Amino acid sequence: QKEVEQDPGPLSVPEGAIVSLNCTYSNSAFQYFMWYRQYSRKGPELLMYTYSSGNKEDGRFTAQVDKSSKYISLFIRDSQPSDSATYLCAMSAGYNAGNMLTFGGGTRLMVKP
Amino acid sequence: EADIYQTPRYLVIGTGKKITLECSQTMGHDKMYWYQQDPGMELHLIHYSYGVNSTEKGDLSSESTVSRIRTEHFPLTLESARPSHTSQYLCASSEFSGRDTDTQYFGPGTRLTVL
Numbered sequence: 001q002k003e004v005e006q007d008p009g010p011l012s013v014p015e016g017a018i019v020s021l022n023c024t025y026s027n028s029a030f031q032y033f034m035w036y037r038q039y040s041r042k043g044p045e046l047l048m049y050t051y052s053s054g055n056k057e058d059g060r061f062t063a064q065v066d067k068s069s070k071y072i073s074l075f076i077r078d079s080q081p082s083d084s085a086t087y088l089c090a091m092s093a094g095y096n097a098g099n100m101l102t103f104g105g106g107t108r109l110m111v112k113p
Numbered sequence: 001e002a003d004i005y006q007t008p009r010y011l012v013i014g015t016g017k018k019i020t021l022e023c024s025q026t027m028g029h030d031k032m033y034w035y036q037q038d039p040g041m042e043l044h045l046i047h048y049s050y051g052v053n054s055t056e057k058g059d060l061s062s063e064s065t066v067s068r069i070r071t072e073h074f075p076l077t078l079e080s081a082r083p084s085h086t087s088q089y090l091c092a093s094s095e096f097s098g099r100d101t102d103t104q105y106f107g108p109g110t111r112l113t114v115l
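Protein chains in written order, with this note's numbering: chain A, 1 to 113; chain B, 1 to 115.
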């Protein structure tokens with residue numbers, strides 16, 4: 001079983017829709033949670049970063065972490081065609097555990113005009 | 001804005017050839033990483049470095065080797081390429097973000113095809 005599970009999609013939505021992207025994980029030591037966006041033929045770019053449980057908002061993007069359920073989410077409001085990309089979740093247990101990132105497989109999102 | 005560069009962006013090569021994938025960063029980051037990513041699959045760490053003259057193998061076994069002679073440069077070498085090496089190779093570097101974990105910045109990747 002993978003440490004981090006992510007629905008590969010593709011997820012296709014109309015422009016303006018609210019998008020929900022999710023990851024589940026099994027390692028309770030993970031404390032740092034990130035979302036990366038990867039456009040086709042590009043490297044991943046950091047989108048959101050959260051520590052422990054709770055919500056974080058940045059413009060149209062909201063990241064949620066529920067450590068009790070080992071479940072994280074990324075919400076995109078008013079989705080745009082330019083949001084079409086693969087979204088990767090990544091997690092870390094911090095320096096005490098070597099500080100390496102464990103990635104999900106990514107969810108491919110397509111926003112249609 | 002992260003400045004991390006990879007060359008070549010695309011490489012098609014025959015079996016048995018020796019290849020070196022280049023990665024450079026201009027941010028002065030001590031930590032650098034190489035990941036392998038197959039289409040639709042997660043990133044797998046194959047090598048990392050904590051600084052000059054430091055190299056370690058990652059979670060995914062790889063026949064490649066790396067070197068870190070300069071802070072800004074972290075090349076990856078395959079002595080004898082095989083079709084099983086066909087993949088996308090992503091280089092990353094990180095800085096301490098002050099939150100007990102690092103923020104990794106990625107290069108654009110090298111898409112390698114071995115015929």
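Because the hints were derived from the structure by calculation, they are not lab data. Mixed in with the good hints there might be a few duds.
As the list claims (entries may be wrong) - To give a feel for the contact side, a few chain A residues facing chain B, derived at Cβ under 10 Å:
hint, residue
1, 2
2, 8
3, 16
4, 17
5, 41
6, 49
7, 105
Here the structure is a predicted model, which is why all the values come from computation and not from measurement. For every residue, glycine included, the Cβ atom is placed at its ideal position computed from N, Cα and C.
Query - Hint status (Cβ of residue 2 of chain A to nearest Cβ of chain B, threshold 10 Å) - result: 8 Å, holds
Query raised in the report: Against chain B, with CB atoms and a cut of 10 Å, does the hint on residue 105 of chain A hold up?
Result: Status holds, d = 4 Å.
Query raised in the report: Does the CB of residue 8 of chain A sit less than 10 Å away from some CB of chain B?
Result: Check passed: Cβ of residue 8 of chain A comes within 6 Å of chain B, closer than 10 Å.
Query raised in the report: Given residue 49 of chain A as an interface hint, is the shortest Cβ-Cβ distance to chain B below 10 Å?
Result: 7 Å, holds
Query raised in the report: How about residue 16 of chain A: closest beta carbon in chain B under 10 Å, or not?
Result: 27 Å, violated
Query raised in the report: Hey, does the residue 41 of chain A contact hint survive, CB to chain B under 10 Å?
Result: 7 Å, holds
**Report entry** residue 17 of chain A as chain B interface residue, shortest Cβ-Cβ below 10 Å
**Finding:** 23 Å, violated
Consistency note: the structure conflicts with the earlier hints numbered 3, 4.
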